[in-house]
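Protein chains in written order, with this note's numbering: chain A, -18 to 247; chain B, 212 to 763.
Among the hints, erroneous ones may be present.
Straight-line distance between alpha carbons at most 20 Å, and here's what the computed SDA-like set of lysine to any residue pairs gives [as the list claims (entries may be wrong)]:
1) A:K208 / B:L724
2) A:K209 / B:E625
3) A:K208 / B:G730
4) A:K208 / B:D439
5) A:K209 / B:V565
For the record, the hints were derived by calculation from the structure and aren't laboratory data.
These figures come from a predicted structure and were not determined experimentally.
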Amino acid sequence: MKTQISRTARLSILPALAFSGLLAVSAQQALAQEVGDHQYTSEAVETGSQVYTQQCALCHGPQGALVDGINLSIGQFRTVQSDADLRQVISEGAGQGRMPAFSLRAEELRGVIAFIRAGFDPEGVAVIIGDPVRGKELFEGEGQCADCHRVRGVGPRTAPDLSNIGAIRTPASLQRNITDPATALLPINRPVRLVTRFEETIVGRRLNEDTYTVQLIDSTERLRSLKKVDLISYEISDEPSKQPTTMSSDEVADVIGYLLTLRGLE
Amino acid sequence: MRLSKQIGTIGLVFFLGLAASNVAAQVPYERILNSQDEPENWLTYNGGYKSQRYSQLDQITPENVTDLKLQWTLQNQVFGAWQSNPIVVDGIMYITERPNTVMAVDAITGRFFWKYRHIPAENALICCGANNRGVAVLDDKVFMGTLDARLIALDRITGSALWDVEVGDVDLAYSVTMAPLVVKDQVIVGVGGGEFGIRGYVAAYDAETGEEAWKTYTIPGPGEPNHDSWEGDDWEHGGAPVWITGSFDPELNLTYWGVGNPGPDWNAGQRPGDNLYSDSVIALDADTGELKWYFQFTPNDAYDYDSVQVPVLADIVWRGTPRKIMMWANRNGYFYVIDRVTGEFLEGKPYVKVNWSSGLDENGRPIPTPQPEGMPTYPGNQGGTNWYPPSFSPRTGLFYFSAWQDYATIYRAEESDYEPGRAFLGGGFSVLAPAPGAPTIGIGRTNPINNWTNEVGFASLKAMDPQTGEEVWSYDQFDVSDSGMLTTASDLLFTGGREGYFHAIDARNGDLLWNVNLGGQIVMAPVTFSVGGVQYVSVISGHALSTFALPH
């Protein structure tokens, strides 16, 4: 009863990109070197850790959660979204002075933001987060994200719906998805192609799987559940359906800023 | 058909007369000793002292297994993994639910006779869920160990408590999650708490009174042999818990127990030495608890490779010589055959990918190959297998168990101080995943959607030949499995898995014969019994215990 399950090098659920595998690889390599620009350096995180302990921990607590409604370590704020907002709050204060204004040196300011963005982990990855308004424009325009992704009821469904993505993924993982999708590809998201014994070919993305069945969304946006005994072939791709973005680091930071605002229904 | 209710003097007199003449059937030690001769009952946790989980019943066969019909379902009233093993005595099933409730139900209909609830002390500390794996019976009593480290005896007929004694200090995080083992007139249990720096032991209690008969530490104290496998005061809080029911050989008068991990779990450097008898099997005299021999699977363990697997015993002709052997698929990834008279290592081979060790020497001692920091270790923290009971079929001569294939973790060791009653872990671990931040396998399954996929590990039911130490066949599942095994005299193998399928497999060749989706994780072995000439099979999936039989 065992179905032959094979892993293929590349298999796209989006026909237009089906044969762009080779292109993707070289573009990826070029981008990999650039990833540094999307992130704060580990020295910055280190500096920020010290600044935080000396200047901020008194009120915000060692875990960043002591001020009501704010948890700095998991990026839960009242008003802040982008790194620019953070810069402003720290330099100008907030809440009629309950949050004092700090005149930090440039590297201290950058550092404490990096520390917050690294999730209070001195060894964490601190991703630069830009302006969500610009990010939304890029998402829908130049970045072409909306060509494949659905957000709040608008857009195609074959790629994952991103309406809630800001609540379930870290900035680092969002960044990898944009700049180096191959390293970010979650196993369940791998494109699949199945041929049934009724000679139907189904291309899609898995939603769930067990020993005897697989549930997926196919290229026509239908939910399908198939028994593996009914399959003649079942291919799972190692390659993502898309290429690394061609946007600049600043633009990527803006898109991440936007994705982080997507937290389901408010 | 309608029955009329007759409440009156005649009925009452009749009732009292019956009670006086029929003292309920007893379960003396002799019945437990010869439990293989009464396969209609399931009298001990592991289905007999050899712990083979093999039943002589053969009404359900490979040919008719597809006709199995659901007879009844018992819904659990509490949440969390249900790891309990039913005991069946003369048509009555005794089953526990979280945290420490015993239920007596009719094994044919699933209707209740009684329910006994023990509320564990609030400060009880359990690393991995408020588990209880079931009861033991003897004579007219039922015995349960509790999360707050007590042992309770109940009247088997009325469900009321007869005695309740302390097994361990709850403030120091001792607990009992295993089903007790009854031998002669004693009730034997071990203690959990390996993540909290306990000093483990096995202890026996008089079944009549609850008085402690003996207590044997799994970490030798000063002056005892092998105390020097520890340095300084490490032995005082070195873990080595015993949280799975052992086995018994009446001819040798030896009980066998699997011992858990040393503490702190992941920082082996903090406790130099072999750390005996952590990660070992120990053979204890059944009357005195005296240690007769030991065999250590993983010296100075850094990977949480508890050896709390069930010791499975068989008397077979092994490579030409009749031998009393013990089979052991260990959490550390090796399958062992051991002489259970002497503890001599006979054979040992890896059954999954193993990279923490490059092999075993002629005495069965692993050759360590620790992985560089940040690199994956195979098998991962939950092990190549774990506590879930295997089965041995004397008919096929094969040993069956659930293995976790392609599963690895990255360990992190940290210095940690022992504080009484606090977690004592010495670091942590993360499961190796194909992409950073990808979902991975958890300790149990709470999500009906498998979004981690088989790429982080999957279950492989393995049939091992003790003659060679090699796998004869295997049956893979997409998710991992913590299901135990049941084999029968008709060469059926029943098992489950985290996906909620209940499978009947041909024990001879691994062919799937029948399965049904019960919807919730199966994290214990099925059991079989018969009442009125009808064979039943019971299995717990999620929060429901389901019982199947052929149409009758």
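Against the structure, the hints come out as follows:
no.	hint	verdict
1	A:K208 / B:L724	holds (16 Å)
2	A:K209 / B:E625	violated (45 Å)
3	A:K208 / B:G730	holds (16 Å)
4	A:K208 / B:D439	violated (58 Å)
5	A:K209 / B:V565	violated (30 Å)
Consistency note: the structure conflicts with the earlier hints numbered 2, 4 and 5.
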